[in-house]
Amino acid sequence: MKNCDNLRYSIELSIIIPCYNVEGYIEQCLNSILQQKILPREILCIDDGSTDNTANIIKRYCETHTQIKYIYQKNQGVSQARNIGLKHAISQYIQFVDPDDVLHFKLLDCFFQIYKLNKNIELFYFENENFHDFQMIKLKSKTQINYQARKFVTGNDLFRHLINIKKYPGACWKYIFLKDRLTIKFEGRNHEDHLITLHILLSSKLCYYFKSPLYFYRQRSNSLTNKKEICKEYINLLSNVIIK
Numbered sequence: 006m007k008n009c010d011n012l013r014y015s016i017e018l019s020i021i022i023p024c025y026n027v028e029g030y031i032e033q034c035l036n037s038i039l040q041q042k043i044l045p046r047e048i049l050c051i052d053d054g055s056t057d058n059t060a061n062i063i064k065r066y067c068e069t070h071t072q073i074k075y076i077y078q079k080n081q082g083v084s085q086a087r088n089i090g091l092k093h094a095i096s097q098y099i100q101f102v103d104p105d106d107v108l109h110f111k112l113l114d115c116f117f118q119i120y121k122l123n124k125n126i127e128l129f130y131f132e133n134e135n136f137h138d139f140q141m142i143k144l145k146s147k148t149q150i151n152y153q154a155r156k157f158v159t160g161n162d163l164f165r166h167l168i169n170i171k172k173y174p175g176a177c178w179k180y181i182f183l184k185d186r187l188t189i190k191f192e193g194r195n196h197e198d199h200l201i202t203l204h205i206l207l208s209s210k211l212c213y214y215f216k217s218p219l220y221f222y223r224q225r226s227n228s229l230t231n232k233k234e235i236c237k238e239y240i241n242l243l244s245n246v247i248i249k
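Throughout the sequence shown, residue numbering follows the working numbering, covering 6 to 249 in sequence.
If you are wondering where the hints come from, they were derived from the structure by calculation, not from laboratory data. Each residue gets a CB set at the ideal place from its N, CA and C atoms; glycine is no exception. Please note that a few of the clues may not be correct.
Capping the alpha-carbon separation at 16 Å, the derived lysine to aspartate or glutamate pairs in EDC-like fashion look like this [said to hold, decoys possible]:
hint	residue 1	residue 2
1	K184	E127
2	K124	D114
3	K64	E32
Pairwise CB distance ranges, derived in the manner of DEER restraints [claimed, not checked]:
hint	residue 1	residue 2	range
4	N36	N161	35 to 41 Å
5	I150	T188	31 to 37 Å
6	I189	K156	23 to 29 Å
With these hints in hand, go ahead and build the complete structure from the sequences.
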């Protein structure tokens with residue numbers, strides 16, 4: 006029996022989730038999306054050649070939720086998985102979600118409220134909070150939030166604001182993008198999204214910044230984010246953007 010998700014309003018949004026051996030996390034991720042007040046048009050799970058039970062878990066969700074789609078590729082890395090997702094996506098807007106992360110239950114509703122006011126929005130940026138303990142973040146994800154968002158006429162204005170408040174705007178999971186702006190393919194395996202994300206940000210027009218954390222990023226012991234080398238890479242990435 007299919008889940009009656011069509012009783013909730015859906016938005017023209019494709020969520021792309023690159024998946025590789027995440028059997029211990031993907032259910033929490035998918036549940037956080039399915040529990041949204043406003044649902045995306047589709048959720049594309051790109052299996053990057055997983056060798057654990059990831060595929061079976063996703064396929065089980067596909068049986069009960071029509072907007073979830075399973076796509077398999079031989080192991081080629083997260084960049085190619087995102088590219089495959091973009092190739093299959095059919096919605097006006099795109100959101101990238103990592104398979105071990107969790108969305109605040111109001112994330113898509115916040116975007117929808119802004120979209121209703123201004124349908125020309127090209128980019129929606131929201132803050133995140135890092136976590137280790139899922140039970141703790143599960144409680145936080147149920148807290149109410151302030152719906153106020155700041156408007157920026159250009160992505161360049163938003164970029165300057167983020168740098169001024171010491172935020173790093175490179176991770177692609179911090180955004181909802183207008184699909185038409187995603188004209189460059191992701192490349193590389195480490196921090197592959199950052200230069201592409203910054204390029205999209207700087208080339209976008211109408212943008213909105215949401216100060217409250219709407220995305221919960223799981224920090225794992227083997228995560229690249231925990232390695233000191235990432236600081237040097239961030240500096241190099243920002244230097245390239247500023248020089249250009």
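Against the structure, the hints:
{"no.": "1", "hint": "K184 <-> E127", "verdict": "9 Å, holds"}
{"no.": "2", "hint": "K124 <-> D114", "verdict": "14 Å, holds"}
{"no.": "3", "hint": "K64 <-> E32", "verdict": "11 Å, holds"}
{"no.": "4", "hint": "N36 <-> N161: 35 to 41 Å", "verdict": "37 Å, holds"}
{"no.": "5", "hint": "I150 <-> T188: 31 to 37 Å", "verdict": "32 Å, holds"}
{"no.": "6", "hint": "I189 <-> K156: 23 to 29 Å", "verdict": "25 Å, holds"}
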